[in-house]
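**Student:** Here's the letter readout for the chains.
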Amino acid sequence: MSQSIGSQCNELKKEYDACFNKWYSEKFLKGDIRPECEELFKKYKDCVMVAVKQKQIDKLLVEARKDDPFTSSSSENKGKS
Amino acid sequence: MVKFFQHTFKYEYNWDCVTLAFWLRYPNPFASHVESVDVIDRYIDPNTGVLRTTRLILKRGVIPKWGRGLIKNSEACIIEESMVNPKNKTMITLTKNITHARAMQVEEWQTYRVDPNNREYTQVKTEAKIISNFGWGLTDRVELLGIKKFTDNTMKSRKGMSHVLEMIREKRGRGFMTS
Numbered sequence: 001m002s003q004s005i006g007s008q009c010n011e012l013k014k015e016y017d018a019c020f021n022k023w024y025s026e027k028f029l030k031g032d033i034r035p036e037c038e039e040l041f042k043k044y045k046d047c048v049m050v051a052v053k054q055k056q057i058d059k060l061l062v063e064a065r066k067d068d069p070f071t072s073s074s075s076e077n078k079g080k081s
Numbered sequence: 001m002v003k004f005f006q007h008t009f010k011y012e013y014n015w016d017c018v019t020l021a022f023w024l025r026y027p028n029p030f031a032s033h034v035e036s037v038d039v040i041d042r043y044i045d046p047n048t049g050v051l052r053t054t055r056l057i058l059k060r061g062v063i064p065k066w067g068r069g070l071i072k073n074s075e076a077c078i079i080e081e082s083m084v085n086p087k088n089k090t091m092i093t094l095t096k097n098i099t100h101a102r103a104m105q106v107e108e109w110q111t112y113r114v115d116p117n118n119r120e121y122t123q124v125k126t127e128a129k130i131i132s133n134f135g136w137g138l139t140d141r142v143e144l145l146g147i148k149k150f151t152d153n154t155m156k157s158r159k160g161m162s163h164v165l166e167m168i169r170e171k172r173g174r175g176f177m178t179s
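Chain order of the listed sequences is E and X.
Residue 72 in UniProt numbering sits at position 72 of the first sequence, and the numbers go up by one each step.
Residue 132 in UniProt numbering sits at position 132 of the second sequence, and the numbers go up by one each step.
Quick caveat, the hints were computed from the structure, so don't treat them as lab data.
Watch out, some of these pointers could steer you wrong.
Pair by pair, the computed Cβ-Cβ distance ranges are [as the list claims (entries may be wrong)]: (1) Glu12/X with Asp58/E: 39 to 45 angstroms; (2) Gln56/E with Thr8/X: 36 to 42 angstroms; (3) Asn133/X with Lys22/E: 31 to 37 angstroms.
Using 25 angstroms as the maximum straight-line C-alpha spacing, the simulated SDA-like pairs for lysine to any residue come out as follows [said to hold, decoys possible]: (4) Lys22/E with Thr54/X; (5) Lys22/E with Pro35/E; (6) Lys22/E with Tyr26/X; (7) Lys87/X with Cys19/E; (8) Lys27/E with Ser162/X; (9) Lys55/E with Arg60/X; (10) Lys27/E with Arg60/X; (11) Lys87/X with Thr53/X; (12) Lys43/E with Val39/X; (13) Lys45/E with Met83/X; (14) Lys27/E with Tyr112/X; (15) Lys53/E with Ile33/E; (16) Lys53/E with Ile79/X; (17) Lys14/E with Ile168/X.
Calculated Cβ distances over 12 angstroms to all of chain E for the following chain X residues [what the hints assert, rightly or not]: (18) Asn118; (19) Lys148; (20) Lys149.
Since the model is a prediction, treat every value here as computed from it, not as a measurement.
By construction, the Cβ of each residue, glycine as well, lies at the ideal position given by its N, Cα and C atoms.
Please model the entire structure based on the sequences and the hints provided.
**Tutor:** What follows is the structure in C-alpha cells.
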C-alpha cells in the first residue's frame with residue numbers, strides 16, 4: 001500500500017483504499033455503481049486536505065483543477081489542442 | 001516549445017484486471033521515487049455511471065544536477081485525473097505535473113480499452129505533450145531531458161504495472177476476473 005502525503009493519514013488511507021479496491025472489483029466492474037466507502041473517504045480526505053495545506057500545495061491544486069479535462073472537446077483531443 | 005509523443009502497448013491481462021492494477025500500481029520496485037499517493041476527489045457521475053477520480057502523487061528527486069540551481073525544490077507534485085466507464089470498458093487517464101510547471105509541463109493521456117483482437121488482453125494508447133519555457137538555449141536541453149524522462153518513465157511504468165498485475169494474478173489465482 002502506498003503512503004499518504006500526511007503520515008497521520010496513513011491509517012485512514014489504508015482503510016479507505018481497502019474498501020475501494022474491494023468495491024471496485026466486486027461491485028463497480030460487475031455493473032453495480034452504487035457508491036460505498038463514502039464515510040471512510042470523507043475522513044481520509046479531510047486528513048489529506050490538512051496535510052496539503054501544511055505543505056502549501058493547496059493553491060496549486062485548486063489552480064490545476066479549475067478546468068475539467070474530460071469535458072467538451074478536451075477528452076476527444078487528448079491533449080492535442 | 002511543444003513536443004508530442006504517441007505509442008500503443010498491450011497488456012496480456014483483461015481490462016478489469018488492468019484497471020484494478022492502475023489503482024494499485026504504487027508502490028512497486030520500479031517507482032521508488034514515488035513518496036505518496038492520495039485520492040483527493042472521487043465520485044460517480046449519476047448521468048453516465050462513469051467513475052471519476054483525482055489523485056495527488058508526490059515524487060522526489062526529479063531534477064537533474066545541472067537544473068537544481070534553477071529549481072530549488074526537487075519534490076514534484078503530479079495530479080492524476082481519470083474516468084472509468086464500466087459499460088464500454090474504457091478508462092481514460094491524464095497525469096500532469098503541477099509543480100515546476102513554468103519550467104516544463106508534461107501532460108500524459110492514456111486510454112485503456114479491450115484489445116479488439118483478443119478480449120482477454122488490454123490495449124493502452126499513450127499520448128504525451130511536453131511544453132518547456134526556459135529560453136536562453138536551455139529549452140532544448142530541458143526538452144531533451146523531457147523526452148528521455150518520458151521514454152524512461154514509460155518503460156518503468158509498464159514494468160511497474162506488469163509487476164502489480166503479476167501480484168494480482170498470484171494473489172487471486174489464475175481464474176481471477178475472467179469474464
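**Student:** Confirm or reject each hint.
**Tutor:** Hint by hint, here is what the structure shows:
1. At about 41 angstroms, the CB distance of Glu12/X to Asp58/E agrees with the hint of 39 to 45 angstroms.
2. At roughly 39 angstroms, the beta carbons of Gln56/E and Thr8/X sit within the given window of 36 to 42 angstroms.
3. Between Asn133/X and Lys22/E the Cβ separation comes to about 44 angstroms, which falls outside the hinted range of 31 to 37 angstroms.
4. With a CA separation close to 19 angstroms, the supplied pair Lys22/E and Thr54/X stays within the 25 angstroms bound.
5. Distance check on the hinted pair: Lys22/E and Pro35/E sit about 12 angstroms apart at the alpha-carbon level, within 25 angstroms; holds.
6. For the hint pairing Lys22/E with Tyr26/X, the CA-to-CA distance comes to about 17 angstroms; that is within 25 angstroms, so the pair holds.
7. For the suggested pair Lys87/X and Cys19/E, the alpha carbons sit about 22 angstroms apart, so the restraint of at most 25 angstroms is met.
8. For a cut-off of 25 angstroms, the pair hint linking Lys27/E to Ser162/X stands: about 24 angstroms separates their Cα positions.
9. For the hint linking Lys55/E to Arg60/X, the alpha-carbon distance of about 14 angstroms falls within 25 angstroms, and the restraint holds.
10. Restraint check for Lys27/E and Arg60/X: not satisfied, since their Cα atoms lie roughly 35 angstroms apart, outside the 25 angstroms limit.
11. The hinted pair formed by Lys87/X and Thr53/X meets the criterion: a straight-line CA distance of about 17 angstroms does not exceed 25 angstroms.
12. Our distance criterion of 25 angstroms between C-alpha atoms is met by Lys43/E and Val39/X, whose separation comes to about 12 angstroms.
13. Between Lys45/E and Met83/X the CA atoms are separated by roughly 19 angstroms; this keeps the pair inside 25 angstroms, and the hint holds.
14. Between Lys27/E and Tyr112/X the CA atoms are separated by roughly 20 angstroms; this keeps the pair inside 25 angstroms, and the hint holds.
15. This hinted pair does not check out: Lys53/E and Ile33/E have alpha carbons roughly 32 angstroms apart, beyond 25 angstroms.
16. Simply put, Lys53/E and Ile79/X have alpha-carbon atoms about 16 angstroms apart, close enough for the 25 angstroms limit, and the pair holds.
17. With a C-alpha separation of about 18 angstroms, the suggested pairing of Lys14/E with Ile168/X holds against the 25 angstroms cut-off.
18. The Cβ of Asn118/X sits about 19 angstroms from the closest Cβ of chain E, beyond the 12 angstroms cut-off, so the non-interface label holds.
19. Separation of Lys148/X from chain E is adequate, the least Cβ-Cβ distance of about 20 angstroms exceeding the 12 angstroms criterion.
20. No beta-carbon of chain E is positioned within 12 angstroms of the beta-carbon of Lys149/X; the least distance is around 17 angstroms.
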